[in-house]
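Undergrad: With chain A fixed as given, assemble chain B onto it according to the hints.
Protein chains: 2
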Amino acid sequence: MKVKEISEFELIRLLSKTLSDNYKASEINTIYNEVVGLADDAAAWDAPEGRQVFTTDALVNNVHFDLRFMSSIDLGWKSMVASQSDIAAMGFKPLFTTVSLGLTGEENLNMLTDLYKGIADAASQFGGKVVGGNTTKSDTLFISISMLGHDPSNESRTNPLKRHSAKPGDVVAVTGSLGSSAGGLRILQDKTGTLPRCQDLIGSHIRPRPQIDAGVWLARHGIQCATDISDGLLADLGHICESSKVGADIKINTLPVTSDLKSVFPADWEELSLTGGEDYQLVFTGTKQSINEAISSIDTPISIIGEITDDYPGINVLNSEGMSGRYTSSGFDHFKNK
Amino acid sequence: MKVKEISEFELIRLLSKTLSDNYKASEINTIYNEVVGLADDAAAWDAPEGRQVFTTDALVNNVHFDLRFMSSIDLGWKSMVASQSDIAAMGFKPLFTTVSLGLTGEENLNMLTDLYKGIADAASQFGGKVVGGNTTKSDTLFISISMLGHDPSNESRTNPLKRHSAKPGDVVAVTGSLGSSAGGLRILQDKTGTLPRCQDLIGSHIRPRPQIDAGVWLARHGIQCATDISDGLLADLGHICESSKVGADIKINTLPVTSDLKSVFPADWEELSLTGGEDYQLVFTGTKQSINEAISSIDTPISIIGEITDDYPGINVLNSEGMSGRYTSSGFDHFKNK
Numbered sequence: 307m308k309v310k311e312i313s314e315f316e317l318i319r320l321l322s323k324t325l326s327d328n329y330k331a332s333e334i335n336t337i338y339n340e341v342v343g344l345a346d347d348a349a350a351w352d353a354p355e356g357r358q359v360f361t362t363d364a365l366v367n368n369v370h371f372d373l374r375f376m377s378s379i380d381l382g383w384k385s386m387v388a389s390q391s392d393i394a395a396m397g398f399k400p401l402f403t404t405v406s407l408g409l410t411g412e413e414n415l416n417m418l419t420d421l422y423k424g425i426a427d428a429a430s431q432f433g434g435k436v437v438g439g440n441t442t443k444s445d446t447l448f449i450s451i452s453m454l455g456h457d458p459s460n461e462s463r464t465n466p467l468k469r470h471s472a473k474p475g476d477v478v479a480v481t482g483s484l485g486s487s488a489g490g491l492r493i494l495q496d497k498t499g500t501l502p503r504c505q506d507l508i509g510s511h512i513r514p515r516p517q518i519d520a521g522v523w524l525a526r527h528g529i530q531c532a533t534d535i536s537d538g539l540l541a542d543l544g545h546i547c548e549s550s551k552v553g554a555d556i557k558i559n560t561l562p563v564t565s566d567l568k569s570v571f572p573a574d575w576e577e578l579s580l581t582g583g584e585d586y587q588l589v590f591t592g593t594k595q596s597i598n599e600a601i602s603s604i605d606t607p608i609s610i611i612g613e614i615t616d617d618y619p620g621i622n623v624l625n626s627e628g629m630s631g632r633y634t635s636s637g638f639d640h641f642k643n644k
Numbered sequence: 307m308k309v310k311e312i313s314e315f316e317l318i319r320l321l322s323k324t325l326s327d328n329y330k331a332s333e334i335n336t337i338y339n340e341v342v343g344l345a346d347d348a349a350a351w352d353a354p355e356g357r358q359v360f361t362t363d364a365l366v367n368n369v370h371f372d373l374r375f376m377s378s379i380d381l382g383w384k385s386m387v388a389s390q391s392d393i394a395a396m397g398f399k400p401l402f403t404t405v406s407l408g409l410t411g412e413e414n415l416n417m418l419t420d421l422y423k424g425i426a427d428a429a430s431q432f433g434g435k436v437v438g439g440n441t442t443k444s445d446t447l448f449i450s451i452s453m454l455g456h457d458p459s460n461e462s463r464t465n466p467l468k469r470h471s472a473k474p475g476d477v478v479a480v481t482g483s484l485g486s487s488a489g490g491l492r493i494l495q496d497k498t499g500t501l502p503r504c505q506d507l508i509g510s511h512i513r514p515r516p517q518i519d520a521g522v523w524l525a526r527h528g529i530q531c532a533t534d535i536s537d538g539l540l541a542d543l544g545h546i547c548e549s550s551k552v553g554a555d556i557k558i559n560t561l562p563v564t565s566d567l568k569s570v571f572p573a574d575w576e577e578l579s580l581t582g583g584e585d586y587q588l589v590f591t592g593t594k595q596s597i598n599e600a601i602s603s604i605d606t607p608i609s610i611i612g613e614i615t616d617d618y619p620g621i622n623v624l625n626s627e628g629m630s631g632r633y634t635s636s637g638f639d640h641f642k643n644k
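Residue numbers (the numbering used here), protein chains in the order written: chain A, 307 to 644; chain B, 307 to 644.
Incorrect hints may have been included.
[Stated by the list, open to error] Not the full set, but computed from the structure, chain B residues with beta-carbon under 8 angstroms of chain A:
(1) P354
(2) M396
(3) T404
(4) E412
(5) D445
(6) V477
(7) Q530
Simulated from the structure, these hints should not be mistaken for lab results. Ideal Cβ positions, reconstructed from N, Cα and C, are used throughout, including at glycine.
Next comes chain A alone, as it looks inside the complex (with noise of 0.2 angstroms):
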């Protein structure tokens, strides 16, 4: 059955059972008292004192994603980690989450459900309860979601991690891997079928997940600088750069780079570990004393990539002989290789 057939009623009727049957409560519920549910207005709550975060994000159809690709239930996780990695960002955790989707009509009431599960999911697993929502009608589908997020840590007031805050000096440190999203996607849209479709590569681009032990932990151990890599490395970077009035120097072989992405793309993978987006991993900056620190306190594998310079805006890519390109706000200047 389709959107089209059923009333506006009957359809936010469904997508709210779906979220109520898959969402598993978390510690959260226990400190915010829900006195308002999805059916009204406007959720409503009792909130304690405490900083807090707010971000919005919007995913359009044939542009963030193509259900050819993915599954509807990939398609709702990956739309909360985009913004509980927004969140994870700034050294919170999410807490509250609204979703407005823009429907042509022809959707399969099934493919909505399913994305309200994959949506349940993420929230389960890493925080956001959906507590309100909006369907509307649209020559696009596009899902927006805009996420609240607190301070675990009643007691202090943390400073959020900013991009503005790089200094010169500043080691470069990124969580995780790079690339591998950005791998997977290709795997998924290879019409060759040449490429080993790698579980891995792909499970990265499907059901990449949201750093948010690691940004909580950074916020309150002395860094103060730091963006999730959503666009590319070096795009994000260049977004702490630009906001820093700094450049920063990067060295392709520190690039934490899988043995599959490397063995599935030889030619590709420091193309992709650069420039791929959709990893939701962290890029910060501090001194080198408290990237250690961060490297041997956190569970998540922490690499160090370079460093930050006084050359702004440019983002310089170095290999073993010396530069290899070098990056700005409008993009690459060039590569080398190419």
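TA: Frame of chain A, contents of chain B only:
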């Protein structure tokens, strides 16, 4: 110049500047200490303890608005009012807002800065400072707004106004007048040129005002049930009846309708006042005594238009001769005069 001719970074800087140039601070800004603003992964602030509400809405080009009939600045204003009205319908005040824009790339930058002027104007006037946003490519222009509200009285936990708390015997009342926005839209859409271009009706359509003061008063003076009229009186009162498992009798001759609406639409004013959307008035129910107290205490005119019955789930529309029509959540059953 068009959106597609500048970078996303430049676009965001332009929109942020438009917001800060046009936003005038309110009392909220002294209670909530903002620590991170627009230019990061998320906005951050220190919130005092208290009840909060959270809502989202989306407006899509050619579905919810048509830029042939209204200016971009009015569109920005109206996009905000739709969410401010949801907060008002809970009895709360707008606090912070995120704006997610889907853009085709063909939009003129002037159109976008006008849109954000309208957004900043409405935030200055009724609350809901914009602290976050997102722009994305889309085949369809859309504006998705999420808004956080708060309880302006810190000393008590005000019960939000809900849809599901109407009781048989309650009196039904509305703020302001009905049908004016729909009348204004008909004038704007009039191709025959025969309708008088009544500026008050047009103004009701392009510059609606959320009933925040009325909502705040109602929630603190014994009213438990309210919603805002965005889809039309019968549809929105229908939501109350559906949620509360009640029915309602509405008397046409008590509907608050301006003399302008009657004179421009002598044959259609009844239908416009019953089904016209986007008036952003409040419809609420309560004991006769509490409604009378509201009438004598609230600045906005309030009209008693009928009562809640146990005739779930129908709304009977009565004229001087008795039954004129019956409405359920699936729409009108009939109208005698048609």
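Undergrad: Now look at each hint and say whether the structure bears it out.
TA: Against the structure, the hints come out as follows:
| no. | hint | verdict |
| --- | --- | --- |
| 1 | P354 | holds (6 angstroms) |
| 2 | M396 | holds (5 angstroms) |
| 3 | T404 | holds (4 angstroms) |
| 4 | E412 | violated (14 angstroms) |
| 5 | D445 | holds (4 angstroms) |
| 6 | V477 | violated (20 angstroms) |
| 7 | Q530 | violated (12 angstroms) |
Hint compliance for this structure: hints 4, 6 and 7 are not met, and every other hint is.
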